[in-house]
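If you want the building blocks of each chain, they are given just below.
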Amino acid sequence: MGRTCFREMNMDRRELFTLALSAAGATVAGPALAAAADGHGATPATERATDHAAVLVDTTLCIGCRSCEEACQRANHLPAPEVPFSDRWVLNTPRRPNATRFTVVNAYEGRPSPDSRDRDKTYTKVQCLHCVDPSCVSACIVGALKKRDDGPVVYNPTICIGCRYCMVACPFEIPAYEYSEPLLPRVRKCTLCTGEDRLGKPKPACAATCPVEALVFGKRDELIALARSRAAKNPARYEDHLYGEHEVGGTSWLYLVGRPPTEIGLLELQEAAPPRLTEAIQHGIFKYGALPVAVYSGLAGLMWLTNRNRPQGGAK
Amino acid sequence: MSHHAARALRHHARFWSTGTLVLSAVMAVGYGFGLARLLVGMGPVTNLSDQYPWGIWIAIDVACGVALAAGGFVTAALVNVFGRGRYHDLERPAILTAWLGYSFVAIGLLFDLGRYFNIWRPLFNWQGNSVLFEVGMCVMVYLFVLTVEMLPALLAGLKEQAAGTGRWARLLTSLDTPLRVARRTVKRVLPGFIVLGVVLSSMHQSSLGGLMLIAPTKLSPLWWTPILPALFLMSAIMVGLPMVMFESVIAAKSYRRAPEMELLSPVSRVVPWFIGAYLTVKLVDVFVRNDLSVFLLDGEDTVSWLIEVGAGLVLPMLLLSTERVRRSTRGVFISACLIIGGVVLNRVNVFLVGFHPPFAQASYFPAIGEIAVTAALVSTIIFLYRFVAHFFPVLPATEADPQVDDEPVEEESAFGWARGFRRPSLVLFGGFIAFYVVVHREAITESERYTAPTGLARDTSSGPKAPARETPAAPPSFSPEAMPALLVLSSPLANAGTDDYEPVRFMHRAHATHSGGDCTVCHHRVQDPAKPDDRVGREITQVDMSAFRPSTCGACHRLPDEPDAPTRPGLKGAYHQQCVGCHEREGETTAPTGCRDCHRRFVPSHKDLLALPAKVTDPRVITARCLECHADVGEAVLDTSHWLWRGASPHETDRERESSLGKLVTINNYCIGVGSNMERCTQCHIGYGAFTSDADFHDRTRIDCLVCHDTTGTYQKAEGEGGAPLADLDLVAIAASVGQPTRGDCGTCHFNSEGGPNVKHGDLEPALANPSPELDVHMGQHGLACQDCHTTTNHEVAGKASTLAVGTNRLRCEQCHGGSPHAFSGSVRYHLDRHLQAVACQACHIPSFAHESPTAMMWDWSKAGQDLPVLKDANGMPTFDKKKGAFTWGKDVTPEYRWDNGRTRHYTLGEPIDPSKPTTLAEPQGAYADARARIAPFKHYRARQPYDTETNLLAVPNLWDGFWLDFDWEKALRVGMASVGQTFSGKFGFAETETWHGLHHTVVPKDRSLRCRDCHEADAVSCTRCHGHDENGPETSCEQCHGSTPGQDFSVQLGPSYPATAGKRLDFQQLGYASDPALLGGRFHKLEGPFGARKNDKAPTPPAAEAPAP
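Going line by line, the protein sequences match chains C and D. Note that the first sequence covers residues 3 to 318 in my numbering. Note that the second sequence covers residues 9 to 1118 in my numbering.
Since the hints were derived computationally from the structure, they do not count as laboratory data. Because the structure is a prediction, the values reported are computed rather than measured. One or more of the hints may lead you astray.
Sample of chain D residues facing chain C (criterion: CB under 10 Å; computed from the structure) [what the hints assert, rightly or not]:
(1) Gln59
(2) Ser835
(3) Val836
Chain C stretches covered by chain D per the calculated footprint, using a threshold of three residues with CB under 8 Å from any CB of chain D [stated by the list, open to error]:
(4) 160-171
(5) 254-262
Glycine included, C-beta positions come from ideal geometry on N, C-alpha and C.
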């Protein structure tokens, strides 16, 4: 081999290195560009959500009667469960929403709040939280999941391709899938009772039916104010943390808790909404198509330079 | 350096070989699973779940597929953009690999996408915020670009094939002009497309990394980083050249050619630099963003990361830095494998291993179907690579090849090349099997197991309650007799938004008494009476207690979350929070906490829900339709005692653990036994059919829903038709009317037991379907239905008749009325409540039975079959029936009283009797010394029925289609005994038997219940005996005990209500007392001192009280 080849190889190495670095640099620059770029984010998402439909869950009131599960099953024409809703033994095993149920109630040992005398278990209702800045909506490749102007995150199965990226994206692990359906499987989750057959009915079925009024339906900012005033009136009862106010950019299902949320099945999550980062990178890289065009021009120029002195027929 | 022209391999090798056949087999198996996925869905074929929505079909097929196909753009860039023409020979194979790789990413997606037919939607439904959208669009465009980049090879191949002979060649020759135009166009646009390919590749390679950015909380920090797109791109570039090296070596070996080491060696020299760059960025990122504790978070993650970095990056970097390795084919090959493996592992780590869903109940491991499909896709790529390289000039010709010679060389056995690869591939395969078996864990998606007790709504099996509380003098304002006993809580405010339940019947007085006269337990704030609109009020104080006027709950509680009072629940919430909260605080008692324990379900009209034809004659069609919606009910009914006619008997002495007692094992002294008589007896079974075979009891479609749920009042079952309904009923109209059972529904059977109205029970007569308040205060005055007391859980009805051995949940009056039920003030209540220790509620409140329909008091079967005159008694009832024998009837009968502790003992078939004495078929247990026993009223019924005189067993006759046709006792008894598995000697006689029926219904209004002097001696219950005065003291005023309720006539309090039986109703001595307990005291508390006896009496020595039975 010797020096000739070495020199050639040096040039190979250098130029290949350039390719790698330039491409990598372009993608690393994405976030940097994004930081300078103007995303959605001038108005925080929570401020745009003041009027959104929301539900306040007072976990110190819930008695685990499962009426909400039953009302949801009926309102959404879901299949009847194997174990009837009157059975409260199922609460002993933690459950998740799945393709045939949009909401479940789980039981956790311990009083719901320090001043509670009535029960020694705490019950937490699990369902789609209709985030203010939903990860699933940002992730959906065709826009089958949309956040309506009045708040609920709704699903359109007609255009869904079934890629299940929304399920990967959801930090609360809510969307469920009909894996057993071969031809028309759907993503299943709480719809805040926005279907057509719920028109004219004032509330989501679960909130309408809750016998102890642990679920209060209203506008998001009004519910936040209500939660604050309840906590102010009963400081011994509630934690100083309204769950869902800020988590992953804020959610529309807000939980008043009388004990640390992580003890009752509520995940500890960052305050930044994940779509802010991904959309910043995405739009930062592709803003006006500047970066791809720049890279294209650079490489094309390089190609012209290297090949203009070669005899034709070499590169074919 | 000269370029070797590319050459189709068909000229010197055969297409089909062992390898190709193996690939085909793998493809066949895998696409079989793929077809299964298309036909039955992903559920049975994959281990995907809601927690793990992406499996190896994304992690490997898509992510690795795209990454490993990067060789295409890297080589294209290397050759064309950077002008390294010497690597030109590597370009076509690399493009082919990429083209096949990306095509199969798309084809593989058709298996993974749930709605694969919508795969075109992203072209029209743009969602630009989605990283996946960018990936999809980019890959789609890139596939088109790759196709264009493949065209030179394809067109050259076609040109070559046109020069041959045969039909295909002639067709191509005819297309010569368009092909030539195509070749020229492609040559012109190719450079632009090559650059475009590089740009597009960079975009989507990095976006694939961006996919997981949306889930920062779910991906392990070992891999999640905002620069994940950059890392993916760098690793894709890094693996591009090793992929080229890999496929070159494989292809060369496959066709028994020497690998082009003169190209591969220099290429391999730059690879370590790419590895180094990637490794540096990756490690710097991990250690800047985390501290070392990140390696302790999850063992599996750490191990996988170390393998990915160590074996996939560091090791090959070191290897390829050595010249000796670079020069050897094996070294190059192994290094390439390590790098490729490392990148594959990286993708698997990012999408699978490092992906930790927060609520995962089981980890994910690919199912055999997923592996098979992936293997099939990979095999297809290899297969098609070979196909294309075989027929088109993709791979370069070598000096060893014969030059432009169309005669194929004789192909030697294909095993030659395979031998070198067989051992390592066998090792790999075996290792994989071992790995799969050892490491694989079933991904069980959510196993929900529950163990619930069967049908226990309330535990009522405990004995009598503790003695009533000895209350101190209650505040004078508490006057329970002025309070309504029962309130129906119905308000549109509480019912708004939900119509699931009927209103609650609230036992107001019982609750008020239970709170000890403390109204503030519920009425917790006081409203200023001068301000009726005051809905906030103030906290209650002691002063308020005497002047307290509780307002209704609805005065303050109306709608929830009204802004002026954020913590004040609405009316519905107030009711439930107050009631359920208090009941939960009471702990595990009879205080109800379930929804249906307090209110009945509201049954919506089924008229429009039926979907039945206009006329239905087979009632089982109706049942089948009911079961379509109420399938769980069908399952539940099959376990109930109404259906099985047997069940658990925990209250049966010596048979507490059995569940086989029931109508088929016990008999009575009415129509005796159901054995051999089922056609007739099943008129009162909740099923269709004679149920003579055990299989019928497992057949859900035989359930008769209508007999209990009909609300028209017209449904009846025919006599002797095996449970079928009357033939002329409009079953569809009845089905449309279904609702909560009415008293008439239950009464269809229970009011007419043993062949006629009120023949059997005495306290269950047809008039109770629509009774007057005087007949029964619960049903007539308050409108309670049977199931309001006989609550059901899973269709198992609570309650236990004394005539039945079967029954789990006994009902007790205290469940609604509490332990202090008497609505009097002060001492009168005290005395009455104390009776609960020894006297059952029914004793005083059911003073007689059989008010409207006379009941049988005696039945003599020995007279049956004879021709005797049918005379009528004073009530108009026949005293003889040829089929049945002689009867004595009773109306308005005074009960007999005996001890009852809630347990029973029944005669069962096969027990020998003593024919010289009456045999008790159903007997309550209890005795004087049993602290749990209370005096209760009974219908004492007697009969004479057949028995086998040799074996002394009571005998079951076959009456239906037997004795009632031919009046032949011997034959009837033989058939009947055979049907219940008993022997019959042929000799029979008639023995005396008796049954004690507990009385629980026809509760009279309280002014008609027994009073003191109905049972006690008149002198014994004079108040001044105990609350008397010294000769010198003041007269005891009545108000001291009775409170100040005006208009009350205290002498009437003492009774008797029924002078005709006064003093004769109860025989205290017979019950075990030495004398009237009002004189001497109860069983366990003796009255001592001056109150202990009448002044002039010499009290007999009371018998020593035995220790109470446990």
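Going through the hints against the structure:
1. Gln59: Since the shortest Cβ distance to chain C is 6 Å, the answer is holds.
2. Ser835: 34 Å, violated
3. Val836: Violated. Min distance 35 Å.
4. 160-171: Answer holds; 10 residues pass the 8 Å Cβ test.
5. 254-262: With 0 residues closer than 8 Å to chain D, the segment 254-262 of chain C misses the three-residue bar; violated.
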